[in-house]
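Student: Each chain, letter by letter, is given below.
2 protein chains.
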Amino acid sequence: MSDVYIIGAGETKFGELWERSLRELAVEAGLRAVENAGIFSKDIQVLYGSNSLAGIISGQENTGDLLADFAGIAEYHIPAIRIEASTASGGAAVRQAYLGIKSGEFDVAMVGGVEKMTDIFGSELLDLTSSVLDREWEAFFGATPAALAAISARKYMKDFNVEKEALSMVSVNDHANASMNPNAHYRNRITLEQAMKATDIAEPLNLMDCSAMGDGAAALILASESYVKKNKLNGVKILASADAQDYLAVHSRKHLYSLDSAKVAARKALEKAKMKNSDISFVELHDSYSIYGLLELEELGFAERGKAKNLVYEEISLKGSIPVNPSGGLKAKGNPLGATGVGQIVEAYTQLKGKAGERQVKEAKVAMTHSMGGTGSNSVVHILGGE
Amino acid sequence: MSDVYIIGAGETKFGELWERSLRELAVEAGLRAVENAGIFSKDIQVLYGSNSLAGIISGQENTGDLLADFAGIAEYHIPAIRIEASTASGGAAVRQAYLGIKSGEFDVAMVGGVEKMTDIFGSELLDLTSSVLDREWEAFFGATPAALAAISARKYMKDFNVEKEALSMVSVNDHANASMNPNAHYRNRITLEQAMKATDIAEPLNLMDCSAMGDGAAALILASESYVKKNKLNGVKILASADAQDYLAVHSRKHLYSLDSAKVAARKALEKAKMKNSDISFVELHDSYSIYGLLELEELGFAERGKAKNLVYEEISLKGSIPVNPSGGLKAKGNPLGATGVGQIVEAYTQLKGKAGERQVKEAKVAMTHSMGGTGSNSVVHILGGE
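Just so you know, the sequences run in chain order A and B.
Heads up: the first sequence runs through residues 1241 to 1627, numbered per the numbering used here.
Heads up: the second sequence runs through residues 1241 to 1627, numbered per the numbering used here.
Treat the hints as calculated values from the structure; they're not laboratory data.
You may find that some hints are simply not true.
Any copy will do: because identical chains look the same in the list, a pair fits if it lies in one copy or spans two.
Unchecked claim - With a cut-off of at most 30 Å between alpha-carbon atoms, the simulated DSSO-like pairs for lysine-lysine come out as follows:
hint: 1; residue 1: Lys1437; residue 2: Lys1282
hint: 2; residue 1: Lys1514; residue 2: Lys1282
hint: 3; residue 1: Lys1514; residue 2: Lys1470
hint: 4; residue 1: Lys1282; residue 2: Lys1516
hint: 5; residue 1: Lys1494; residue 2: Lys1282
hint: 6; residue 1: Lys1494; residue 2: Lys1512
hint: 7; residue 1: Lys1472; residue 2: Lys1512
hint: 8; residue 1: Lys1508; residue 2: Lys1282
hint: 9; residue 1: Lys1516; residue 2: Lys1593
hint: 10; residue 1: Lys1512; residue 2: Lys1282
hint: 11; residue 1: Lys1470; residue 2: Lys1595
hint: 12; residue 1: Lys1395; residue 2: Lys1253
hint: 13; residue 1: Lys1437; residue 2: Lys1512
hint: 14; residue 1: Lys1437; residue 2: Lys1516
hint: 15; residue 1: Lys1512; residue 2: Lys1469
hint: 16; residue 1: Lys1508; residue 2: Lys1469
hint: 17; residue 1: Lys1559; residue 2: Lys1516
hint: 18; residue 1: Lys1605; residue 2: Lys1437
hint: 19; residue 1: Lys1514; residue 2: Lys1472
hint: 20; residue 1: Lys1516; residue 2: Lys1605
Isolated chain A (complex conformation):
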């Protein structure tokens, strides 16, 4: 089976991009990735599109074909397909492209993730994002992703004696890193006090515990080992790719705060890469709510159960032992659903190439990325590194 490399990456600014359309954003990110890879559009042999909500928001399904068409590659009649795994669509699309190349059927794949969320507003958006939950057994009774994350947080905080401050520090760290990322949705730093005292959303979660849903696109070019060698390209190797699933509804799971999908996916990925957590230089994780930042540090293997609180002051910072979300994470770089997981890998690639500027992680050798669906119903983990 061929090894798979990332040879190019690009993204748009994340944020409230009122004047730009879904297709415009996707094309911008795609062209940046193609340029960054040093290839031509006609070299692309397959397109994997990642999108979560365009069907619901604007009545546009079939986004794989839409992106291929507006990227100007429809004339080559290459296959294009959309991958949807709710908020893990981005990671899942990268994984499907990886499998496609590994199968030997393709040498060069584009992955394009995009979301355009500012086409709708307020309570309507709240209902639509509940489409990632179990519509009949969770959302129907009024549960929203934020409310379910809050339930997980309450039980976790009680069982392991975790203070609200630990959650807030996850967001403080994200904002600190995003302040150095020109593509981030929010580039302002926040203080611990600001994070603690923001408007409540679903107690104990406040506004500063919730990711910034918005617009944006991210794209990657993946290639087979033979293509990389033949064209003398410098790629970043995908050392492992794994995914796992859990019960859709939070109430069906082992505990109210367990994220078994993250645990299983990370364990599988580390096994495949023949690595330990201590081999990971930094991690881009899916902190759609700050509580998940803590839970994932534990489920991904960086801390024991209940102990993530000990990492959030120093260790997760850019200069700590396990830098978390150098990009700014979902809280501050932003969370345009279908683009988010692809954007995590854009950041990993940029860091591993040593091109992350002010927010560069020192001696970044190996990255782990974790893209999670909804409240944890699925997870996709990638480990990247080396030339």
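Chain A is already provided as a structure; the job is to place chain B on it using the hints.
Tutor: For chain B alone, coordinates are given in the frame of chain A:
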């Protein structure tokens, strides 16, 4: 690379199943496929879900996880993912499962396609199915899939001197075959006169030229060669799998009636299988509108341009030289979007196993299936046969 086999298939009845839910339908089809394969649910290593419109119809995205959960396999934490390629989602999901097995990462995959369309009504449904078009450049201006198919039909009929009767015969053939399929949506035969004189929908297409959108589910179990041999199973081999894409909007394409995605996908599949059209025993094609039945016979290579009309009286019947849609096709077996393409392959498997009862194609050795997205923006072609 491992060869890939289909080792089990199952489906629900297609139709207006008012009292049954999306998840119930999916689970029924899945269990039938598992039983048919002679495996246990815990043997499944990955689930590929195919669904087109649940997000828009009932606010339920994340259907990959939903199906895995309600199929009772969430406890194994296997990956689950949804594939969406509009009305070709079914064929596309089978192809992604095929690539996953070929990559060496899985030995056993389930593909489950499902759609629940009777949760909405009339004009609302009409708008929602336009989500497979270009929402901003086609649907926004009032175009619907039926209207666009009618435009293709008019131009084609004029350019190649094709009479309405040829279109109607495609539907007559579908109904004749469906009359022998217990799972078909419509089991009544129709006469040519009935087909010609039905209520107009978008002239020259009438009600009998339009597929039966409804509810239903279909499932397949795919396995690697080594798994099949180790467990002494009798599978049907996937001889080739290919997909291709075209411009999303009809007005962007070469001609108003060209289906380049079908042409390219079929050519690629035949090349991979090292076969000619004359090697194909029967074809399940995507006649969401009767005009596509004619166009696809040509694009898939069974007739020259403008000549499909010569095949529709005898040749496409069960006893003809190239039987078309022994299942009853999209017109009469039915078209529950996400299930349709999976169901085509359920039929191909059933026929190749010689288990199709009254509608059995004699000496069925090699099948071609063609799953098409929207008005032709993408196509997935599979060639199946042998043990």
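Student: Taking each numbered hint in turn, which are not upheld by the structure, reported in ascending numerical order?
Tutor: 1, 12, 13, 14, 18
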